[in-house]
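Asker: So the sequence lines, in the order shown, correspond to chains A, B and C. So in my numbering, spot 279 of the first sequence is number 279, and the numbers just go up one at a time. So in my numbering, spot 60 of the second sequence is number 60, and the numbers just go up one at a time. So in my numbering, spot 111 of the third sequence is number 111, and the numbers just go up one at a time.
Some hints here could point you the wrong way.
Sample of chain B residues facing chain A (criterion: CB under 10 angstroms; computed from the structure) [as the list claims (entries may be wrong)]: (1) 51; (2) 53; (3) 58; (4) 73.
Stretch by stretch, here's where chain B covers chain A in the computed footprint (C-beta under 8 angstroms, at least three residues) [claimed, not checked]: (5) 152-158; (6) 175-182; (7) 307-321.
If you are wondering where the hints come from, they were derived from the structure by calculation, not from laboratory data. Yeah, the Cβ is synthetic: ideal placement off N, Cα and C, and Gly gets one too.
Letter by letter, the chains look like this.
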Amino acid sequence: MNYVRNCWYVAFWSHEVVQGTPASVTILGEPIAVYRGESGRLTALEDRCVHRLAPLSLGRCEGDRLRCMYHGLLYAPDGQVVDIPGQDIIPPHAKVRSYPIEERHGWIWIWMGDPQKADAELIPAAVGLDDPDFIMGSGALDYDAEAELINDNLLDFSHLSYVHADSFQSGPEFAERTPRITPLPRGIRYERWLENTLGSSTRRTPVPMDNFMTYDFVVPGILLMRSGTFPVGTAAQCEHQAPDFSRAERIHTFTSQAVTPISERKARYFFCWGPHRVYGDEAQRDMLLGLAAMAFDEDKRMIEAQQRIIDITPTPRIMPTAHDRSVTIFNRLVKSMIEQERHETLAEAR
Amino acid sequence: MNYVRNCWYVAFWSHEVVQGTPASVTILGEPIAVYRGESGRLTALEDRCVHRLAPLSLGRCEGDRLRCMYHGLLYAPDGQVVDIPGQDIIPPHAKVRSYPIEERHGWIWIWMGDPQKADAELIPAAVGLDDPDFIMGSGALDYDAEAELINDNLLDFSHLSYVHADSFQSGPEFAERTPRITPLPRGIRYERWLENTLGSSTRRTPVPMDNFMTYDFVVPGILLMRSGTFPVGTAAQCEHQAPDFSRAERIHTFTSQAVTPISERKARYFFCWGPHRVYGDEAQRDMLLGLAAMAFDEDKRMIEAQQRIIDITPTPRIMPTAHDRSVTIFNRLVKSMIEQERHETLAEAR
Amino acid sequence: MNYVRNCWYVAFWSHEVVQGTPASVTILGEPIAVYRGESGRLTALEDRCVHRLAPLSLGRCEGDRLRCMYHGLLYAPDGQVVDIPGQDIIPPHAKVRSYPIEERHGWIWIWMGDPQKADAELIPAAVGLDDPDFIMGSGALDYDAEAELINDNLLDFSHLSYVHADSFQSGPEFAERTPRITPLPRGIRYERWLENTLGSSTRRTPVPMDNFMTYDFVVPGILLMRSGTFPVGTAAQCEHQAPDFSRAERIHTFTSQAVTPISERKARYFFCWGPHRVYGDEAQRDMLLGLAAMAFDEDKRMIEAQQRIIDITPTPRIMPTAHDRSVTIFNRLVKSMIEQERHETLAEAR
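Assemble the whole structure, with the sequences as input and the hints as a guide.
Answerer: Laid out in structure tokens, this is it:
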């Protein structure tokens, strides 16, 4: 699996890990046991007992420690075995990997790379379920497809005109005109004005408005999108640059989405969406989540079908189009970051 | 997969491909999108967009063209891309394979080999659902088994005495005596007289008759069988050669069957069966289809079990018997046709 | 698959093979057809017809013979083909393997190794469903796990304190103190006294008793366990050696269990359990079977999860603990027996 390791992957919604009950997740093919101990502390351990490889996620929380429930070995949060029933001596190498873990924006994030390099400042600034300014709803989908294919999908919104013609009623503009794409240190920024329009199904207004939507898409696969409607003429006044969202009228929404590679050809897709509290209410949130449920099923159907075709193609080759600029920039960035990690690992090994 | 390519494979019943709705089929492991355009024209395209390998069978018919509904590339019936949304230039290599396709005898046939060699005259003379002289019913079964094993089954009717002892009540004759087998340019002919008999369940008569059944089995795996009953003594009068079917009394039926290799260890088995309009009616057709449903399930159960045993056998070897003569002739023919195709491909490559 | 071949594997409960109806079983990856002929004789044949590899277990019993129901070849109990319909000559090599088979203690046992070495005296002395002294109930579980992992589980009862904390309410003693382990020629013996106790859920008594439990675990994976309760002080009187079970008071039970490797990562687990007729009744048997159903599901959940972790671990390594002494002795014995078999096979080949 070819993904950046020195970054934060979304593992769970916060509410999925309840105190005292271990949970299991697989990221980049690595099984991980996650638990919230008695003190509230979150721990992420390699999900594989050193004794006979039973999963620790079937274990029992004892304080901030985790006991394997096959033959009783007890693990401290740093992964060290601290008790072996029936045996006095504990070998120092009786230790599993402990992953840096953080809870932020309503998600639980795990750092899959070098623990020394884990930097909480690199957690993308998602607007989460717990954000006081937005009224958010959420969902998740399990994909039988490589995470990279979902990333590609989210990087090229020209698919809205086709895949989501029914759900989002996106119209032909998304395919006919290319958006403004700007490289970022860890991803790309997408910006698009739609002028003098009644909007698609997610931004319908009773009178024509100028619509602006922008998202950052950053490693490993986090999409952070803000959309809003503005009086007609705003796009021109801004010279088609990004507007000041405090001047939005009628509609202002945010969606945070995360693609996590579970294992080869398996991925989990997390999303939340909702209006700014000043602009919308629970009914608008429910409308957005209803459309998202429909639209994200359309994506899943297409992408899993694409994966099945790729799987039976001896030497799969793609033919990029004009709309692939963002995909190309992002995948080139990912490739260079992976190269960089490889160099660092080799350098440290010397 | 070791099958002849320069021949016509049954892909669908005619009624399965409705105007304006693309269908998908896999033959010899190759995914194919089939659609009936606005003019009624049938097209079969490689089911794999040149852009990102999404299946065109999830696409939208536009006139006689097909638009990929992932990012909107439009394909002409010859496989050439003729529109890329958001992009002016279309590379000439933006093209997928287009397969020769024909509709005949109630089936849609696809030519899997060299398009230059596609010859509609090579479509076997099936009696189909649309035949005015016969009252036909139909069915299909999906097999978790290699198509070759189904062909072997259909080439050796000695299995009737065992596999179909209950359904067809075939009696021991099919195993005890070998039929007349005659090689054909693209298969074999099977002929058998059963004299002075009340017949098996598909040919039951109130008084003893002479029964004659004959089928051609031709590449890639098409069985065309005619059966009838004749006054006692007819077999002897004919010197046990084929009778004139216009002299049949009481019973005259036809069944067309097609075995299509989907992919490794996957096959689809199509069949229709019914009486000649002069000899039978809808009730007789329904009786035949009822027996066929029972009997073809018996075959499927046996052949899929055989496949599972083959799969766990390190070096599977068979031991042919006297009844395997037709199997041996046919498989030798297939082998020589495949050799021939390989030679031609090599010659053309030089 | 790395298992001893010169030993008896449990293939069926006796009642699973009814006269005249062939049954199928896979052991060590080898498909086997088992039938009880007209004379009552049991036969185990390689489940693979020499003709086209159809399974003989779909065949028809004729006397003590078995006819393949694909094209009618007839097999004698020694595996020799004795009839080929439509053909006069039977090649002498038309023969499948015939396995030594025995019925004893309510189970049908198959010898997977050299038939010359098959010795019914090596069948472990199980107390079976048909034992007149015990009131037995039975069950079976299919595992998606290597049989070896189930054997490991049964060899180390320290897991009772964790896996079966709820069902058997085993308490911490099983993990805190190691039992007496004695090597046997074909396995190990486990013995444990629990003194002055009201017992776990399977041996609950109204007054404190001394509990004794002992089992032999022998190749290929047969567990034979006797448990009983004795007046307090008996353990000390016996100097903590095995007691005379005729002096048991209140409780005396036996359980026979068998682990059969079906194929890679597939196993079947057979078990029966019940009280000695003098000590218990049908109600006690049903209580034991109820607890076993709960407990053996706990094992299965843990072991299948362990297998899944092993499967995704590039180089799985275990770290034995003090409780692994029995596991280590047994697996070393198995390894030496396999080595021995290999040497004998090589010697015979010279």
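Asker: Run every hint past the structure and note whether it holds.
Answerer: The hints, checked one at a time:
{"no.": "1", "hint": "51", "in the structure": "holds, 6 angstroms"}
{"no.": "2", "hint": "53", "in the structure": "holds, 5 angstroms"}
{"no.": "3", "hint": "58", "in the structure": "holds, 6 angstroms"}
{"no.": "4", "hint": "73", "in the structure": "holds, 8 angstroms"}
{"no.": "5", "hint": "152-158", "in the structure": "holds (count 3)"}
{"no.": "6", "hint": "175-182", "in the structure": "holds (count 4)"}
{"no.": "7", "hint": "307-321", "in the structure": "holds (count 10)"}
When held up to the earlier numbered hints, the structure conflicts with none and fits them all.
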